[in-house]
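Residue numbers (UniProt numbering), protein chains in the order written: chain A, 1 to 216; chain B, 1 to 216.
Just so you know, these hints were derived from the structure itself, not from any lab.
Take these hints with a grain of salt, some might be off.
[What the hints assert, rightly or not] Sample of chain A residues with no beta-carbon within 10 Å of chain B, all distances over it, derived:
id : residue
1  : Q50
2  : P56
3  : R58
4  : Q59
5  : M102
6  : G110
7  : G138
8  : E140
9  : I145
10 : G156
[Said to hold, decoys possible] Heads up, simulated DSSO-like pairs for lysine-lysine below, C-alpha to C-alpha not over 30 Å straight-line:
id : chain 1 : residue 1 : chain 2 : residue 2
11 : B       : K6        : A       : K147
12 : A       : K122      : B       : K152
13 : A       : K152      : A       : K127
14 : A       : K52       : B       : K64
15 : B       : K64       : A       : K6
16 : A       : K147      : B       : K52
17 : A       : K28       : B       : K6
18 : A       : K152      : B       : K187
19 : B       : K177      : A       : K122
20 : B       : K177      : B       : K187
21 : B       : K6        : A       : K152
22 : A       : K187      : B       : K96
23 : B       : K41       : B       : K147
24 : B       : K152      : B       : K52
25 : B       : K96       : A       : K147
26 : B       : K127      : A       : K122
27 : B       : K177      : A       : K64
28 : A       : K6        : B       : K147
29 : B       : K152      : B       : K177
30 : B       : K177      : A       : K52
31 : B       : K200      : A       : K177
32 : B       : K122      : B       : K152
C-beta atoms are modelled at their ideal positions from N, C-alpha and C, and glycine is treated no differently.
There are 2 protein chains.
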Amino acid sequence: MATQAKPILYGYFRSSCSWRVRTAFALKGIDYDQVPVNLVKDGGQQLTEQYKELNPMRQVPTVKIDGVTLSQSLAIIEYIEETRPSPPLLPASPQKRAQVRMICDLIVSGIQPLQNLYLLQKIGDEKVSWAQHFIIRGFEALEPILKQTAGKFCVGNEISMADVCLVPQVYNAERFKVDMSQFPTIKGLNETLLTLEAFKVSHPSCQPDTPEELRA
Amino acid sequence: MATQAKPILYGYFRSSCSWRVRTAFALKGIDYDQVPVNLVKDGGQQLTEQYKELNPMRQVPTVKIDGVTLSQSLAIIEYIEETRPSPPLLPASPQKRAQVRMICDLIVSGIQPLQNLYLLQKIGDEKVSWAQHFIIRGFEALEPILKQTAGKFCVGNEISMADVCLVPQVYNAERFKVDMSQFPTIKGLNETLLTLEAFKVSHPSCQPDTPEELRA
Numbered sequence: 001m002a003t004q005a006k007p008i009l010y011g012y013f014r015s016s017c018s019w020r021v022r023t024a025f026a027l028k029g030i031d032y033d034q035v036p037v038n039l040v041k042d043g044g045q046q047l048t049e050q051y052k053e054l055n056p057m058r059q060v061p062t063v064k065i066d067g068v069t070l071s072q073s074l075a076i077i078e079y080i081e082e083t084r085p086s087p088p089l090l091p092a093s094p095q096k097r098a099q100v101r102m103i104c105d106l107i108v109s110g111i112q113p114l115q116n117l118y119l120l121q122k123i124g125d126e127k128v129s130w131a132q133h134f135i136i137r138g139f140e141a142l143e144p145i146l147k148q149t150a151g152k153f154c155v156g157n158e159i160s161m162a163d164v165c166l167v168p169q170v171y172n173a174e175r176f177k178v179d180m181s182q183f184p185t186i187k188g189l190n191e192t193l194l195t196l197e198a199f200k201v202s203h204p205s206c207q208p209d210t211p212e213e214l215r216a
Numbered sequence: 001m002a003t004q005a006k007p008i009l010y011g012y013f014r015s016s017c018s019w020r021v022r023t024a025f026a027l028k029g030i031d032y033d034q035v036p037v038n039l040v041k042d043g044g045q046q047l048t049e050q051y052k053e054l055n056p057m058r059q060v061p062t063v064k065i066d067g068v069t070l071s072q073s074l075a076i077i078e079y080i081e082e083t084r085p086s087p088p089l090l091p092a093s094p095q096k097r098a099q100v101r102m103i104c105d106l107i108v109s110g111i112q113p114l115q116n117l118y119l120l121q122k123i124g125d126e127k128v129s130w131a132q133h134f135i136i137r138g139f140e141a142l143e144p145i146l147k148q149t150a151g152k153f154c155v156g157n158e159i160s161m162a163d164v165c166l167v168p169q170v171y172n173a174e175r176f177k178v179d180m181s182q183f184p185t186i187k188g189l190n191e192t193l194l195t196l197e198a199f200k201v202s203h204p205s206c207q208p209d210t211p212e213e214l215r216a
C-alpha cells in the first residue's frame, strides 16, 4: 500500500481563506481531496466537536498533509512552498519576498478577519456597511503599495502568494458591493489573474460543495 | 560615510505588533533606532500624511531596513530571519516551521486585529467585553495547540517567531483583564519567556516613548 496519501483540504467553497489554499495547490499542480465544511448549514459544521479536534479555532481551511494537520491559510501555503518549491510562490530576492509577505499580511490580517462570517454575525444589522468600511480601508492602503510593486502580477512579473491572497479578497469586496473602480491597480491585477487556469479551477463557482444555483 | 545604516523602527511602546519586531531585533542582537509614533496623541500620529507615505495602512510598526520600507510585523520578522539567519527564529524541520507559523497567524490574524485600537474605537462602549471575547476565543484555540507543540517554548525547546507573537498578546489579554488561569499552557510559556533578556529590553515598560508613569 502506498503511504503517500493525497493532501486533504477541509474547506468551504465561498471561504476566501480556503480559496487561497486551493489556488496554491493548483499553481503547484498538487492533487488533493476536498472535504466540505459548510459554514452556515446546521448552524455551522465548523462548530462540531469533531471538527474542533482538527481545527481548535473552528475555522476553514484545515489541511492534512504529510502526516500533519495544519490550519491558517498562509502557514499552510508557506509549508507547501517549502516542501514543494516548484513552481515558486515567492521571489528569489529577500526584498521582493518581504514585499510579497507584506501584501499577504495586509490582506490576511488587515482586511479579511474584519469582514469574515464570524465577525459579521456579531455585528448584526450593520454588517454590510461594516464589511465595506474595512475592505475599502484596506484597499486604500493596498492600491498605492501595488502601484509600486506590481508588474504583470502583484510583485513584478512572477506569480506569488500575494496574488493568491488578492483574488479572493476582491471576490469578497464584490460580494459586499465595493466599487472597485476606485482601485484601478487592484482591479486590473484581479482581472489578469482570473484568466489563469489555477484561479479558474479553484474559484468558488465550481467546487464540489458549490450549490447548483451558484455554479458558473 | 558608511551607507550601512542601522534599521529604523517606527513604533509605539504599547503596540503589540511593534513589540514583536523589537523582540526579533533583540533576539538577533540587531542594533536599531526607534522613531515613536504616538497612536493616541494629536488624534493619532499614524494618521498624518507624512506617516501614510511610509505606511499606507497607517499602522505601526514600519521598518526601514537595507534601503526598503516594510510594514506588517510578521513580514518584517520573516525578512529579518532571511537576511540575518542567526540565531534562527524558525526551526529546521518544515513541519515544525509550519507549526510556528500556524501559531503566529492564529495570533496575528485571528486575535490581534479583532482587539486593536482602531477596531475598538469603532466598537465604542462595549470595547472591553468585545476585546475579552476575541482574546478568549483565540486563546481557547491556542491552548490545546500549544499543549501539543510546546516544550520549553511554544514549539519545542527553541525560541521562535511563535514566542515573539505570544508574549505581546498575553500582555494585551492582561490589559483587558482576561483571567489567564484558564490557559495554563499559555500562562506558563509567557512567564518563562518574560525572564529572557530579549523580552525584557523590548517590553512596553521601558521604551523611549514609554510615559514616566508606566515605566517599570
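Results for each hint:
| no. | hint | result |
| --- | --- | --- |
| 1 | Q50 | holds, 14 Å |
| 2 | P56 | violated, 4 Å |
| 3 | R58 | violated, 7 Å |
| 4 | Q59 | violated, 8 Å |
| 5 | M102 | violated, 4 Å |
| 6 | G110 | violated, 6 Å |
| 7 | G138 | violated, 7 Å |
| 8 | E140 | violated, 7 Å |
| 9 | I145 | violated, 6 Å |
| 10 | G156 | holds, 14 Å |
| 11 | B/K6 <-> A/K147 | holds, 27 Å |
| 12 | A/K122 <-> B/K152 | violated, 37 Å |
| 13 | A/K152 <-> A/K127 | violated, 34 Å |
| 14 | A/K52 <-> B/K64 | violated, 41 Å |
| 15 | B/K64 <-> A/K6 | violated, 42 Å |
| 16 | A/K147 <-> B/K52 | holds, 15 Å |
| 17 | A/K28 <-> B/K6 | violated, 38 Å |
| 18 | A/K152 <-> B/K187 | violated, 47 Å |
| 19 | B/K177 <-> A/K122 | holds, 21 Å |
| 20 | B/K177 <-> B/K187 | holds, 14 Å |
| 21 | B/K6 <-> A/K152 | violated, 33 Å |
| 22 | A/K187 <-> B/K96 | violated, 37 Å |
| 23 | B/K41 <-> B/K147 | violated, 40 Å |
| 24 | B/K152 <-> B/K52 | violated, 40 Å |
| 25 | B/K96 <-> A/K147 | violated, 36 Å |
| 26 | B/K127 <-> A/K122 | holds, 13 Å |
| 27 | B/K177 <-> A/K64 | violated, 36 Å |
| 28 | A/K6 <-> B/K147 | holds, 27 Å |
| 29 | B/K152 <-> B/K177 | holds, 26 Å |
| 30 | B/K177 <-> A/K52 | holds, 26 Å |
| 31 | B/K200 <-> A/K177 | violated, 47 Å |
| 32 | B/K122 <-> B/K152 | violated, 39 Å |
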